[in-house]
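The lines below spell out each chain.
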Amino acid sequence: MNMTKALIKRELMSYFATPVAYVFIVIFLILMGTFTFYLGGFYERGQADLSGFFNYHPWLYLFLVPAISMRLWAEERKSGSIELLMTLPITPWQCVLGKYLAAWAFTVLALVLTFPIWITVNYLGDPDNGAILAAYFGSALMAGGFLAIGSCLSAVTRNQVIAFVITIVVCFGFLLAGFPLVLDMFSGWAPQAVVDGIASLSFLSHFASIKKGVIDFRDLVYFSLLIGAFLYANTIVLTWKKAD
Amino acid sequence: MIEINGLTKTYGQHTVVDDLTFNCSSGEVLGFLGPNGAGKSTTMKMITGFVSATAGTASVCGHDVGNDAIAARRRIGYLPEGAPSYPEMTPGSFLQFVADIRELSGSRRKERIDEVVARLHLEPVIDQTIDTLSKGFKRRVGLAQAILHDPDVLILDEPTDGLDPNQKHEVRDLINSMAKDKLIVISTHILEEVEAVCNRAIIIANGSILADDTPQSLAATSRYHNSVRIILHSDGRFDEIRSAVEQLASVTEVESIRNESTIIAMTKTSSERQSGYDAWRDITELAKTKGWDDVSAQQESGRLDEVFRQITGGASA
Chain A
1 MNMTKALIKR ELMSYFATPV AYVFIVIFLI LMGTFTFYLG GFYERGQADL SGFFNYHPWL
61 YLFLVPAISM RLWAEERKSG SIELLMTLPI TPWQCVLGKY LAAWAFTVLA LVLTFPIWIT
121 VNYLGDPDNG AILAAYFGSA LMAGGFLAIG SCLSAVTRNQ VIAFVITIVV CFGFLLAGFP
181 LVLDMFSGWA PQAVVDGIAS LSFLSHFASI KKGVIDFRDL VYFSLLIGAF LYANTIVLTW
241 KKAD
Chain B
1 MIEINGLTKT YGQHTVVDDL TFNCSSGEVL GFLGPNGAGK STTMKMITGF VSATAGTASV
61 CGHDVGNDAI AARRRIGYLP EGAPSYPEMT PGSFLQFVAD IRELSGSRRK ERIDEVVARL
121 HLEPVIDQTI DTLSKGFKRR VGLAQAILHD PDVLILDEPT DGLDPNQKHE VRDLINSMAK
181 DKLIVISTHI LEEVEAVCNR AIIIANGSIL ADDTPQSLAA TSRYHNSVRI ILHSDGRFDE
241 IRSAVEQLAS VTEVESIRNE STIIAMTKTS SERQSGYDAW RDITELAKTK GWDDVSAQQE
301 SGRLDEVFRQ ITGGASA
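Each protein sequence line maps, in turn, to chains A and B.
At position 145 of the first sequence the residue is numbered 145 (the numbering used here), and the sequence of numbers has no breaks.
At position 252 of the second sequence the residue is numbered 252 (the numbering used here), and the sequence of numbers has no breaks.
In isolation and in its complexed conformation, chain B is listed as follows:
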C-alpha cells in the first residue's frame, strides 16, 4: 500500500532523510521510531505530499504522491504533528468542512460524521470552539478528521503526544480497533506504545533505517532477553542468592539492584540456549533445592528501550 523507494530529503547541506526504502501493506501497524530529529516527521510529510522529496519516490495505493497527489491523498488520513486545526471553528463545523473537501455526501456523510464523533467522544464539545478545548480534545478532533473518510492508509504523527494516560489508552484502543483492514503508520518515541499497538517497528536515526522488525524480535535482541529477574521479599540472603546464581553455568552475568532487593541474571544467547542452557529452569530448580521461599522470579522478554538506546546510541545529539 505504501511503497517507498530511495526517498531522500536534504535542506542545503543537511540530509534529513537519507535514501529510505521500505514497503508496507494492509493489516500492518507500523511504528516509526527514532530520536527527535531522526527524520520521522519529514518522512511522513513526504508520504502525505506536504514536503516534496529531493530524490526518490513514494506511492500510496499505487498513486505516486508527487505526480498523482490528489488520488494518493484521497486514500490517506493524516494527523500532522501537534494536530493542527482551525481554532476559531467548532469540532462540528470543522468536520463538516473536512467532509466537504473529502466529498462525502448524503447518508454516508452523516453516518461517517456520527461515527467519528461517537468513536472519539466529541459530543460534549461539538459546539465549542476548538480554541477553548483541552489538549486531549484537540488531539481527538485531529484524529476524527483523519479517520472521517475511512481511509485505507492512516498516518499519525505522534498521536498520543501530550495526552494523559487514560487518553493514551483510548487512542491505542482506537488504533487497535482499526488495524485489521488498514495500514496504519504511527510515529512515536514512546516505546510502550509500539509494544501496545504495532506489529512492525522501524527504527530510524539520522534519516536512515537502523532496524526493521516486529517489536518482539527487536526486544529479543536486548541483552535482557530471557534474563531472569529475582526479587527478594526479605533482607539477609541477598549476597548468598547472588553468588549462588552467579555460579550457574547458564548465567553469563548478574546485575544487582540492592536497594530494590532485585537480582537480574543475564543468560546466554539463543543458540547457546538451544544446546541446553536454560537460566530460568536452573534458577527455579536452585530455588526449590535451597528453599528460597521468600523469593519471586520472572523471566523477561527483553526491553525495547534498551535496544532502542543501543541501536540509536550517539545518534541523538
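Next up, chain A with everything else stripped away, as it sits in the complex:
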C-alpha cells in the first residue's frame, strides 16, 4: 500500500508540475458552467435542483476524461520511464492502482471545484442537498468508470492520440449501450440475452437514477465491477506488453 501511495503522490505532483492540470480544470469548469446555464436551461427551468448540471456530465466526461487517461501509460511508454517504473520493486497491480487513483483524485478535485453552482442553487432556492450530494457521488463514480476504460486502453499504445480516440469510441459505446445506436448492431444476430446484457451495461441508464439522487445498490455494483474489470485488464495488458 505504501508504494501505491508513493506513486499517487508522484502522479499528483506531476499533474501540477505542468500546465496540464490547470488547463484541464479551467476548461472543465468553463464547460460545466456553459452546459448548465445555456444548454441545461438552469434559470429557465425555474427549479431549485441541479439536474441541468448533472445531465451533461456523461457527455463532458466522454471528451475530458480520455484527455486525462490517454497519457497514463502511453506517455510512460513513449518516454521509456515505464522501464524504470516496472523494474522498481513494485507490482504491476500497484502501478495500475496508483496511477488510476491519482487520476481519479484529480478528476474528483475538478468536480469538487464546481461547488459554486451548488452555492448558487442554495442561494436561489431550497434544493434537496442530500440528492445533490448523491448525484455528485454518482458522477465521481461514473468518471471513475471512464477513467478505468481509458487507463486500460492507454496501456495498449504508446501514442496518446490513438489512446484518446479509442477511449472516446469505447466510452461512447458504453454510454449508449442501452440505445438503438449500439443495440441495433447486435440485435440482428446475437441472442436476446446478449442484447439485454449489453443494454444493461449502459452508463446513461445506470447514471439516470443516481443523478436524481437515488443511489441504487445495483448501480454501485455495476460501476465497481466495471472499474475493477478494466483495471484488471489494464494489469494484464501491461504485464504482457510492457516492453513493446
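It should be emphasised that the hints constitute simulated quantities derived from the structure, not laboratory data.
Just so you know, these numbers come straight off a predicted model, no measurement behind them.
Keep in mind that a hint or two might mislead.
Said to hold, decoys possible - In silico BS3-like pairs for lysine-lysine, Cα to Cα no more than 27 Å straight-line:
| # | chain 1 | residue 1 | chain 2 | residue 2 |
| --- | --- | --- | --- | --- |
| 1 | A | K9 | A | K78 |
| 2 | B | K135 | A | K78 |
| 3 | A | K5 | A | K78 |
| 4 | A | K5 | B | K110 |
| 5 | A | K9 | B | K110 |
| 6 | B | K180 | B | K110 |
| 7 | A | K9 | A | K212 |
| 8 | B | K290 | B | K182 |
| 9 | B | K168 | B | K180 |
Place chain B on chain A using the hints.
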C-alpha cells in the same frame, strides 16, 4: 549473485538472445560487449524482469526474476538505456519518489539521498526540472536513482553513452569505487571502458556468447599481443630499419605506417615465445648494436578492438 541458465528471447521468428548461460558473483565488474543489436540490452531487461524470457531462467541473489520478481528487484539497481526518468520532476523529488518505492526511511533515507547527491554532484540542479538538464546531468540522475538503495547488484545499460570525456571519467571512477563489494554489470560498445573498469568481459553477438574472459586475456589473443611498435623520430632510415627488423627470427610479420614513421613488428605465439623467441629483446639489442638513437620502441599488450572485430566480424550487419 546472478545465475543465468539457457536464457532465450525470441520475437516471432527472430531470436534476439539465444540460450545464454553464465554466472557472475560479487566483486566482479562484468562488461557486456557486442555490436548494436547483439542482444545486450534485451539480456539486461530480462535480468531486471522488464522483458520476460521465452525460455530459460535468470536469478538474482537466489531470487528468480520471473517468480520472485519483487525480491529480485529489491537487490538490483538498474540504469535503463538512455536513463529515462520523469522530465517534469526535479532530481530532488525524483530521488524522494524512488526512496519511497525502495522503502527507505528515517535517517538511512536522508543519509542515502545525501550521499548519492554528493557522489554524483547533483547539488547545483537539485531543484531544476529534469527536462531542462543537460544530457550529462540526466545520466547522473539515472545513476543516482540506481545506486540509491546501495544495491548488491548494479546493472547499467550504456552508462557513459553520450557523455563528454570528463563525465565518462567520473562515471568510471564511480564504478571503480563501488566495485569491491558489489556485482556490477555494464553494457557498452566503448572498448576502452571495458579496459578501464571491467575485470571480466563477455562478448556477445546475435544473442550468443562468443568470448568470456578478462579484458587482458582477451586482448592477449590479439595478433598485436607482445608486438613491438617502433617509432622513428627522423626520416631516412625507415627502409633500413624495416628490413633489419624483418630479418629477425622472432618477428613473423612487419606492418609499416610510413606517414606516421611507425613500424609494427608482430611476433610469435606465446608458446613459441616461451621457447626463446623474444622480439622485444631482439629489437632492443639490434637498436643498441646498430646505434638507432633517434628511435623509440614500445611493447603492445594487444588491442581489444581488434579482437572484438575479429570475434564479431560479420556479426554486425
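Exercise. Take a quick look at whether B:K290 and B:K182 sit within 27 Å of each other, Cα to Cα.
Key: violated (53 Å)
Quiz item: Does the structure keep B:K135 and A:K78 at a Cα separation of 27 Å or less?
Solution: holds (18 Å)
Quiz prompt | Hint consistency between B:K168 and B:K180 [alpha-carbon to alpha-carbon, up to 27 Å] | solution = Distance ~20 Å between B:K168 and B:K180 Cα, so the pair holds.
Quiz item: Taken at face value, is the distance from the CA of B:K110 to the CA of B:K180 at most 27 Å?
Solution: At roughly 24 Å apart (the allowed maximum being 27 Å), B:K110 and B:K180 satisfy the hint.
Self-check item: Holds or violated: A:K5 to B:K110, with C-alpha atoms at most 27 Å apart
Solution: The given pair, whose Cα atoms are some 19 Å apart, holds under the 27 Å limit.
Quiz item: If you draw a straight line from the CA of A:K9 to the CA of A:K212, is it 27 Å or shorter?
Solution: With Cα atoms ~34 Å apart, A:K9 and A:K212 exceed 27 Å; violated.
Practice problem: Compare the distance between the alpha carbons of A:K9 and B:K110 with 27 Å, and conclude whether the hinted pair is satisfied. | Solution: Within the cut-off at roughly 19 Å; holds.
Quiz item: CA of A:K9 to CA of A:K78, is that 27 Å or under?
Solution: holds (22 Å)
Exercise. For the pair supplied as a hint, A:K5 and A:K78, confirm whether the alpha-carbon distance does not exceed 27 Å.
Key: holds (24 Å)
The earlier numbered hints that this structure contradicts are 7, 8.
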